[in-house]
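K.L.:
As a plain string of letters, each chain reads:
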Amino acid sequence: MAQVVSTHGHSHEGNGHSHSEILGGHQSYTTVTDTISDVVLKRPLGKAWLFGFAIAFALLMMFLFAITNLLVRGIGIWGVNIPVGWGFDIVNFVWWIGIGHAGTLISAILLLLKQDWRTSINRFAEAMTLFAVACAGLYPLMHMGRPWLFYWLAPMPNTMALWPQFRSPLVFDVFAVSTYATVSLLFWYVGLIPDLATLRDRATNPIVKKLYAIPALGWRGSAIHWHRYRTAYLLLAGIATPLVVSVHTIVALDFTTGIIPGWHTTVFPPYFVAGAIFSGFAMVATLAIPLRSYFGLKDYITDKHLDNMAKVMLVTGLIVTYGYMIEGFMAWYGANTYERYQMLVDRPFGAYKHDWWLLILCNCVMTQLLWFKSIRNNVILLWLISIVINVGMWLERYVIVVLSLHSDFLPSSWGMYHGTVWDYMTFYGSIGLFMTLMFLFVRVLPAISIAEMRELVHELHERDEAKTHATPPAARTV
Amino acid sequence: MSNPVSSARATQLPHLARLAGIAGLGALVGCILLMLIPSTRGSMLPAYLVGYTFWFGIALGGLMLSMVHLLTGGAWGILVRRPLEAASLALIPLAILIVPIFVGHQVLYPWTRAADPYLDLIHEKTAYLNLSGFILRTVIFFIIWITLAVLLNVASIRQDKTTSHAPTRWLALMSGPGLALAFLTATFAAVDWLMTMEPDWYSSIYGAMLMVGWGLCTWCMMVLISTFLRDVSPVDQVARPRIFNDLGNLMLAFVILYAYTSFIQFFIIWAGNLTEEIPWYLRRTRGQWWYVMTALIIFHFFVPLFLLLMRGLKRRPERLSLIAIGLLTIHLVDLTWLIVPARVREPLSITATEIPWFTIILIPLAVVAIGGICLATFLTVLRSKPLLPVNDPSWDRIPAIWHQEEMEREFDDDDLDLGDAHFSPIVTGR
Amino acid sequence: MSDTAPTFAESVHTPSRVSTGEVYGLMAEFIEPDHVVRAARRAYRAGFRKMDGYSPLPVVGLAEAIGFKKNRVATIVLLGGVTGACSGMFMQWFASTVHYPLIIAGRPYASWPSFVPITFELGILFAAFSAVFGMLALNGLPRLYHPVFNAPGFDLASQDRFFLCIEATDPKFHLTQTREFLESLGARTVSVVEH
Numbered sequence: 005m006a007q008v009v010s011t012h013g014h015s016h017e018g019n020g021h022s023h024s025e026i027l028g029g030h031q032s033y034t035t036v037t038d039t040i041s042d043v044v045l046k047r048p049l050g051k052a053w054l055f056g057f058a059i060a061f062a063l064l065m066m067f068l069f070a071i072t073n074l075l076v077r078g079i080g081i082w083g084v085n086i087p088v089g090w091g092f093d094i095v096n097f098v099w100w101i102g103i104g105h106a107g108t109l110i111s112a113i114l115l116l117l118k119q120d121w122r123t124s125i126n127r128f129a130e131a132m133t134l135f136a137v138a139c140a141g142l143y144p145l146m147h148m149g150r151p152w153l154f155y156w157l158a159p160m161p162n163t164m165a166l167w168p169q170f171r172s173p174l175v176f177d178v179f180a181v182s183t184y185a186t187v188s189l190l191f192w193y194v195g196l197i198p199d200l201a202t203l204r205d206r207a208t209n210p211i212v213k214k215l216y217a218i219p220a221l222g223w224r225g226s227a228i229h230w231h232r233y234r235t236a237y238l239l240l241a242g243i244a245t246p247l248v249v250s251v252h253t254i255v256a257l258d259f260t261t262g263i264i265p266g267w268h269t270t271v272f273p274p275y276f277v278a279g280a281i282f283s284g285f286a287m288v289a290t291l292a293i294p295l296r297s298y299f300g301l302k303d304y305i306t307d308k309h310l311d312n313m314a315k316v317m318l319v320t321g322l323i324v325t326y327g328y329m330i331e332g333f334m335a336w337y338g339a340n341t342y343e344r345y346q347m348l349v350d351r352p353f354g355a356y357k358h359d360w361w362l363l364i365l366c367n368c369v370m371t372q373l374l375w376f377k378s379i380r381n382n383v384i385l386l387w388l389i390s391i392v393i394n395v396g397m398w399l400e401r402y403v404i405v406v407l408s409l410h411s412d413f414l415p416s417s418w419g420m421y422h423g424t425v426w427d428y429m430t431f432y433g434s435i436g437l438f439m440t441l442m443f444l445f446v447r448v449l450p451a452i453s454i455a456e457m458r459e460l461v462h463e464l465h466e467r468d469e470a471k472t473h474a475t476p477p478a479a480r481t482v
Numbered sequence: 114m115s116n117p118v119s120s121a122r123a124t125q126l127p128h129l130a131r132l133a134g135i136a137g138l139g140a141l142v143g144c145i146l147l148m149l150i151p152s153t154r155g156s157m158l159p160a161y162l163v164g165y166t167f168w169f170g171i172a173l174g175g176l177m178l179s180m181v182h183l184l185t186g187g188a189w190g191i192l193v194r195r196p197l198e199a200a201s202l203a204l205i206p207l208a209i210l211i212v213p214i215f216v217g218h219q220v221l222y223p224w225t226r227a228a229d230p231y232l233d234l235i236h237e238k239t240a241y242l243n244l245s246g247f248i249l250r251t252v253i254f255f256i257i258w259i260t261l262a263v264l265l266n267v268a269s270i271r272q273d274k275t276t277s278h279a280p281t282r283w284l285a286l287m288s289g290p291g292l293a294l295a296f297l298t299a300t301f302a303a304v305d306w307l308m309t310m311e312p313d314w315y316s317s318i319y320g321a322m323l324m325v326g327w328g329l330c331t332w333c334m335m336v337l338i339s340t341f342l343r344d345v346s347p348v349d350q351v352a353r354p355r356i357f358n359d360l361g362n363l364m365l366a367f368v369i370l371y372a373y374t375s376f377i378q379f380f381i382i383w384a385g386n387l388t389e390e391i392p393w394y395l396r397r398t399r400g401q402w403w404y405v406m407t408a409l410i411i412f413h414f415f416v417p418l419f420l421l422l423m424r425g426l427k428r429r430p431e432r433l434s435l436i437a438i439g440l441l442t443i444h445l446v447d448l449t450w451l452i453v454p455a456r457v458r459e460p461l462s463i464t465a466t467e468i469p470w471f472t473i474i475l476i477p478l479a480v481v482a483i484g485g486i487c488l489a490t491f492l493t494v495l496r497s498k499p500l501l502p503v504n505d506p507s508w509d510r511i512p513a514i515w516h517q518e519e520m521e522r523e524f525d526d527d528d529l530d531l532g533d534a535h536f537s538p539i540v541t542g543r
Numbered sequence: 100m101s102d103t104a105p106t107f108a109e110s111v112h113t114p115s116r117v118s119t120g121e122v123y124g125l126m127a128e129f130i131e132p133d134h135v136v137r138a139a140r141r142a143y144r145a146g147f148r149k150m151d152g153y154s155p156l157p158v159v160g161l162a163e164a165i166g167f168k169k170n171r172v173a174t175i176v177l178l179g180g181v182t183g184a185c186s187g188m189f190m191q192w193f194a195s196t197v198h199y200p201l202i203i204a205g206r207p208y209a210s211w212p213s214f215v216p217i218t219f220e221l222g223i224l225f226a227a228f229s230a231v232f233g234m235l236a237l238n239g240l241p242r243l244y245h246p247v248f249n250a251p252g253f254d255l256a257s258q259d260r261f262f263l264c265i266e267a268t269d270p271k272f273h274l275t276q277t278r279e280f281l282e283s284l285g286a287r288t289v290s291v292v293e294h
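Residue numbers (the numbering used here), protein chains in the order written: chain A, 5 to 482; chain B, 114 to 543; chain C, 100 to 294.
For the record, the hints were derived by calculation from the structure and aren't laboratory data. Treat the hints with caution; some may be incorrect.
[To be verified] If you only want the chain B side, here are some residues facing chain A, beta carbon under 10 angstroms, derived:
1) LYS238
2) PHE301
3) ILE443
[To be verified] Here are the computed distance ranges between Cβ atoms for each label pair:
4) B:LEU232 <-> A:PRO159: 28 to 34 angstroms
5) B:PRO477 <-> A:ASP468: 50 to 56 angstroms
6) C:GLY205 <-> A:TRP375: 48 to 54 angstroms
7) B:GLU521 <-> A:ASP468: 17 to 23 angstroms
8) B:ILE150 <-> A:THR341: 42 to 48 angstroms
Even for Gly, the Cβ is constructed at its ideal location relative to N, Cα and C.
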């Protein structure tokens, strides 16, 4: 108790963001509004945008072709067989759902954690969530073989009075994914309402004005409306946080509830959630890096943002690595013959050993590069690593789905699985769907939340004021 | 700066440390005596393990959460960083206090017994389940943890004494790998000390689940110590309602996480229903233990969940402390539920449905014994350093809290003086 | 009879419906968020109750300054979430034990552990719907027409300006005195808002 700590005007360069770290240049409510809305309202279609859109659209057409063929001929055109009944469709489903999770993490969890750097990336991360969930949702539908009977999944008795089997994780999935898609859409739309009002008020073309006016719902920025709006938005964030965890947990339960070797392990849910965030942040980085340079948004998506995203990737990558280690250890420690064979022999040394080693290289080894600040701050390297992580996380799901099924309990029923050309067309085609939606989104809606950027400008200003004016409270007397 | 009450609180610290030390040593002598008597040995050792796990968790939580703060920052760290660091040094007496568990291994760990019905089931695991490996691993873990704790505390003192950024940078640099290392080693500590009591059973989330529970206890303890010191200068500058609110939210997050990990482990094992996994739950959900399990669901999840959702409770240190005491108690019950039913004679048995009440009675004794010694260390370390980390970068966050409080006060007693200088018209470009 | 009842055309053109200068209120424009909060607080102190602030970002304290107290959104969300969770649990229990009991994997009919995920999801779904539609309903949105949009320069309320509107329905409202009062609060401009 010898020292009395003086704390007046203490300031360090460290974790606290300074004005320039998360918001470059000199920004005001006006400049923020102008810069972001002009991307949508004033900027002409660029050659690069048209070129990218053309590629994405071509892939989307390939997707339609592949789906049409699937509907005409059935899932026999895919590589799935007995014993590997879950192929690319489930791998892609889990991969896309996982990518979607980063959007919710950025928009909801980082909001609750008061991480102000989220503001400039949350809008397009949420859009990414929505489009990724759209891609994900298509796969189980196609996987059913007769997608026109999808309503059999709805919670209502059929003509024989039979209900969906509520004890099955596959039915949990129906509820989880549809709830997730709905809540993500609501969250995204609620966030958009004030920005749609801004675009309505700034648009000069009367038709464009009307088009923005309708979804803006007559928003007029009333103080009372804002008050309820903030409450609703924060509560949505609070709701979305456990939701995002539950969704990938339920995806993990699809596997763990089965007693197939390599699937039935209790650490699956948390490391699936971490893996989802891992791949999702990698996708955000993959998209944000070209986006910010093309649209000139480097003042808003700064190097600090990329550094933080890289750190999140490092942490979640380490959790995923921990998951691999502990499931491997428990397979050995549990001393179950089938688990030991699957985890310690078949995966690293079996028929699919290349996939497994590549997965370890992508997810566990390459991620370690992110420990170094110089690598995190190198935009090109970071972009390449983010792509490597996306590949690695796809491989992870491939290894889990295919390898456990191809060699389970009975060696006489072991078999091999390989995707056919139709599997690959459907996979790349869904990337086309995702990219097409993304390209359209950045043209017609503000890719950064204008209202929240104004708030950020206000908060940073307040914080600067607080630093110079605030004094510690006098010691209380009881 | 200091008023009579706060200086009284401050001078109480050494007195309390002495008191805790005496109580702890006294109870420890009692514990050891009961371990030496053959007829009570079988009850004392599990009780001792419960108490040990409880306090070990708080010490390890101190180590891990202070490294979390060094990585993430946050205003809450200014208030609790010193208590967290002090808690981490309790790992030193804990390294000695584990010796009774080594000595009593035959009571706790069936795989160390020469003739045991378990042995048939675990001959595949002898590479891991052998006494020398067990002791060696524990010694290595403690070397790692104590090294990290000492490095942390030393660098922290250096950070206080210098204006250079070198110690700050070193602390941030060591925390990343240190946290990863601590997480990994603590997982295996949980496996070794607790999971191997039933050597046929395994669960890969177990280590993470235990750590979340330890983290929860650490937050509760931090709330208690911060409430105790909140009027002491200079702690009163940062012991603000907003920071207690943050601590309450962290408690809430860990309550939810703990429920999540526990439920997930239960659900997967319940759904799989395998012979080598399900008896672990049958032993804990039948007979009298059923009531314990139900109480845990209610008082370890639903009640704290709803209480901690209320802002009014989180912003008042006294009320938050009551919740913290409740959570610490129920977590002790939870550890009892995890550890005590493990002592069954038959492998794969589901018959242990009776609560061994004599063991339960001995748990408070073990908690006082280990807790007294840990608290004495904790309080001694705490008062040897300034109560706040003077040069922590997170000080940046504190003025904003003071500013908000000023604004709130200003709002309460509003000014009616018109003609304010703020209202001069501003010409803009528009 | 027909000469006393108004015709359709007359009823449409009754004075209250057309913008013939019927005053909705007075709109004061501010540059900074702090200024509008202070102005609103003083207007409230001066006895005005029928007023509203308009801003392009949520201004902390503005709603409270104009006397807004009851924010029912959280209650609605809680009720929605509890309703969703209860109906989720009830649906699964009813389907599995009453309507079509079916033994699966030797589990009891009412296998509560496996009902937890769907109960949780439906709680979340209903809570989210309650948050969004509750908020919109309380705010009276969507709304096709509102008089404040007639205020000159009000399009800046969604961009970079802050407004305070004292409405004509307030008992203390007086066209010239209230205008002077608003000007004394440091408003950049004060304009009449017509219906």
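K.L.:
Which of the numbered hints are not met once you compare them with the structure shown?
P.N.:
Structure breaks hints 3, 4.
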